[in-house]
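**Q** Sequence:
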Amino acid sequence: MKKVCIIYILLMVFANPASSQMLTNTGHSFESNYDTIVLYVGGSGPENYTRIQDAIDNATDGDTVFIYDDSSPYYENVTVNKSIHLIGEKSETTIIDGSGLNDVITVTADTVTISNLSIVNSEHAKAGILMTQEASYGEIKNCI
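Numbering that gives the first Met the number 0 numbers the first residue of the sequence shown as 0 and each following residue consecutively.
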């Protein structure tokens, strides 16, 4: 029975590409609740992106873009035009700074999740994330 459990666990780890990517990425651990590919921004992994928009551009619907806080703040304005999960490492320390230009994050796709981010220096004093009319079923949680 013990042998069967070990074989099952090994099969689950190696059969899921998102899990194997998570295990090979060094630095902080991130476990996605979604069965998707995870693209990393910041951190020390060999294939991590330095810009959030570059990761979004290379993502496909359903993927997760995970943003490490050790490269924060990220000075950029991003457009989310795919149904993805945009997740920061920790809302207090993962900062996207829009430099006072436009909205910091513009969402034009359906079913987008944005969480654990600090959004600062939007052109608009009371809003940093714009959900356009094309965007529906969006979820914003634990953002500052």
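It cannot be assumed that every hint is accurate.
To be verified - Ranges between beta-carbon positions, derived for each pair:
no., residue 1, residue 2, range
1, GLU122, ARG50, 16 to 22 Å
2, ASN141, ASP53, 21 to 27 Å
3, ARG50, SER114, 17 to 23 Å
4, THR49, GLN132, 16 to 22 Å
Don't read these hints as lab results, they were simulated from the structure. The structure presented is a predicted model; accordingly, all values stated were derived computationally and were not measured. Glycine is no exception: its CB is placed at the ideal position from the N, C-alpha and C atoms.
**Q** Evaluate each hint against the coordinates.
**A** Comparing the hints with the structure gives:
{"no.": "1", "hint": "GLU122 x ARG50: 16 to 22 Å", "verdict": "holds, 20 Å"}
{"no.": "2", "hint": "ASN141 x ASP53: 21 to 27 Å", "verdict": "holds, 24 Å"}
{"no.": "3", "hint": "ARG50 x SER114: 17 to 23 Å", "verdict": "holds, 19 Å"}
{"no.": "4", "hint": "THR49 x GLN132: 16 to 22 Å", "verdict": "violated, 32 Å"}
In terms of the numbered hints stated before, the structure departs from hint 4 and from no other.
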